[in-house]
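Start from the sequences and build out the full structure, keeping to the hints where you can.
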Amino acid sequence: MAISVDEAVPAPPVPDDARRARRRGGTGRAVVEVALLTVVAVAMLFPVLWMLETSIKEGQDIYAVPAKLFGFDVTLDHYKDVFVAPGGGRSDLSVALLNSVVVAGSSTVLATLLGVPAGWAYSRFTLKGEKDQLFFILSTRFMPPVVVVIPIFLMYRSLGLIDTQLGLILIYTAFNVPFTIWMMKGFVDEVPSEYEDAAMLDGYTRLQAFWRFTLPLLVPGIAATAVFALIFSWNEFVYAIFLTSSQEVRTAPPAIAGLIGGSTVDWGLVAASAVVFALPVLVFAYMVRKHLVAGVTLGAVRR
Amino acid sequence: MTTTAGHPVREAATAQPAPGRPPRLRDRRLAVAFISPAMLLLLTMSVFPLLWALYLSFTDYSATGNAPASFVGFANYAEILTSPEVHQRALTTLVYVVGAVGLQTVLGFGIAYLISRRTHGRGLLTTLFLVPMMLSPVVVGLFWRFMLDAQFGVVNSFLVSLGLEPVEWLTRQRTAMLSLIVVDTWQWTPFIMLIALAGLTAVPKYLYEAASIDRASEWFRFRNITLPLVWPLLLIAVMFRAIEAFRLFDLVYILTNGGPGSSTETLSFHVYKVAFLGFNTGTASAYGILMVLVVIVLAQLYLRYLNKLKEG
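Here the protein sequences come in this chain order: S and L.
Mapping the first sequence onto the UniProt record's numbering, position 124 (from 1) lands on 124, and the numbers just tick up by one.
Mapping the second sequence onto the UniProt record's numbering, position 110 (from 1) lands on 110, and the numbers just tick up by one.
None of these hints come from the bench; they were simulated from the model.
Remember, it's a predicted structure, so these values are computed and weren't measured experimentally.
There may be inaccurate statements among the hints.
Said to hold, decoys possible - Over 12 Å on every C-beta distance to chain L, these chain S residues come out as not near it, computed from the model:
#1 Ser91
#2 Asp92
#3 Ser94
#4 Gly105
#5 Glu194
#6 Pro216
#7 Gly221
#8 Val281
To be verified - Under 8 Å between C-beta atoms, here's a sample of chain L residues computed to sit facing chain S:
#9 Ile35
#10 Leu128
#11 Phe129
#12 Val139
#13 Pro232
#14 Ile236
#15 Ser268
Cβ atoms here follow ideal geometry from the backbone N, Cα and C, with glycine treated the same way.
Printed below as a string of structure tokens:
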């Protein structure tokens, strides 16, 4: 830190008047800052509030010009439409949401099973070309999905994996594994390796030491990592739209996007299904808020 | 010490308590056993497909045709690199990346700075600001499409009530690009904010105290303490966003579908059109490989820089 000589010389005491003026300037400034933050908060949250509002508005109020911010008729019909088909029975959207649960859930379990041991191994052992391996692993996550999906599409077509949940689960696992490894390596780094050394001196093997002493300490980290993986696969759209097509297989993002395909769009239904789809994500994200910085940078930045 | 049969004295003296093979070798085996399943998956699902795309990029293969692929050398690459259409898409992508990431950086850092100066309600504010980032691009794209609708969109409704002309946000060339940038900025400003905030709260308090004892001006403090300490982390966030913006597909697909005309077609979107609407799989593969090269360069820069930051 460079501070020049003039600035370093102590100044004469500030007269009372000036101090008061500065304080007043300070509060004025604080007011401006709070006002600015409020404006930004409104701008950031308005679309979300508008979505919530649209999802409970009567049909004609949704298309009202000028838009009705207040005083609209409230209905829960759109939410009913999300889950119940017009003729009764389960709606296409509810099937898609269930598919999303299956696909996101299984791929998260798989990515965790593959990523946690690998993250531990990268943290504990010095391996040949370890840094390069870790770089390579994260690089695969940066590949443009539209490009990767071309050969994956051909590959799946010859393996019969097109339009199957297994296909989606595999590709989602592959795209969550790099994240899981990086994230878990960070969590393992925080557990002193001395615990394992001590356990091994007591006659446990390395594997037993990992299983009995390190793994229990990693549980919160594993949970946070799994929640992020779950969010990533839940929100994924590109692979889903290219690799699945049938009603029974496709997940919620393409199903919701499909709602605007026709000539008339039921925006109330779009809003309600978007709320139903996004709510779990927000709840989960709130649960892992302590790890958000690491999570959203794919485990690369830790604070 | 008595030696057991077959064990020389020296080895027995230094042997570990655990019997069997030396621990280091077993550690290595354990590491291989733990890492290889994950690596195997990445090799089959990421590397192998890319190698296949690399092979296809030298052929005239079409995913719909029955004709076997024939080798065409670098013709696909030559076609892509000299195509004015591709140049146009590259320019569109550049405008989008620079515009969106630039706006996000300025806004995100500004908000983080304002939040870091507050003592009350910081947690609540941060949590609220982060909502857009956690939403799926599908939800974000659909919803903004509704809000930006020319007839009954709430944005135009506001404009009209302010006495302004309504704007055809998504159906005019200029405003379509602007809309894309605005929506992306809405979604990803929180990302920059989150990371900038992490950097800002990590600045040691005593530096500010020292500066205020020295009666340093606000600007001086910002310029000489805050910025240099937060900048490295901010740059990480910016590079990360730039890579993400470069490969953006879903938001374009939902919000504008590349239109009007081709004014919002990014490179990713164009690859999709060539591959899945034109069925020129060979050409699309070459196109994709070129994009992958760009991403690899960007990712390498990012990771190098990250590594430097961690060690420094």
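Hints versus structure:
1. Ser91: holds (18 Å)
2. Asp92: Holds, since 16 Å exceeds 12 Å.
3. Ser94: Holds, since 17 Å exceeds 12 Å.
4. Gly105: holds (16 Å)
5. Glu194: Its Cβ never comes within 12 Å of chain L, the nearest being 16 Å, so this holds.
6. Pro216: Holds, since 18 Å exceeds 12 Å.
7. Gly221: The claim stands: Gly221(S) keeps its Cβ more than 12 Å from every Cβ of chain L (closest is about 16 Å).
8. Val281: violated (5 Å)
9. Ile35: holds (5 Å)
10. Leu128: Holds, because the Cβ-Cβ distance from Leu128(L) to chain S comes to roughly 6 Å (cut-off 8 Å).
11. Phe129: holds (6 Å)
12. Val139: holds (4 Å)
13. Pro232: violated (10 Å)
14. Ile236: holds (6 Å)
15. Ser268: holds (5 Å)
Of the numbered hints listed earlier, those contradicted by the structure are 8 and 13.
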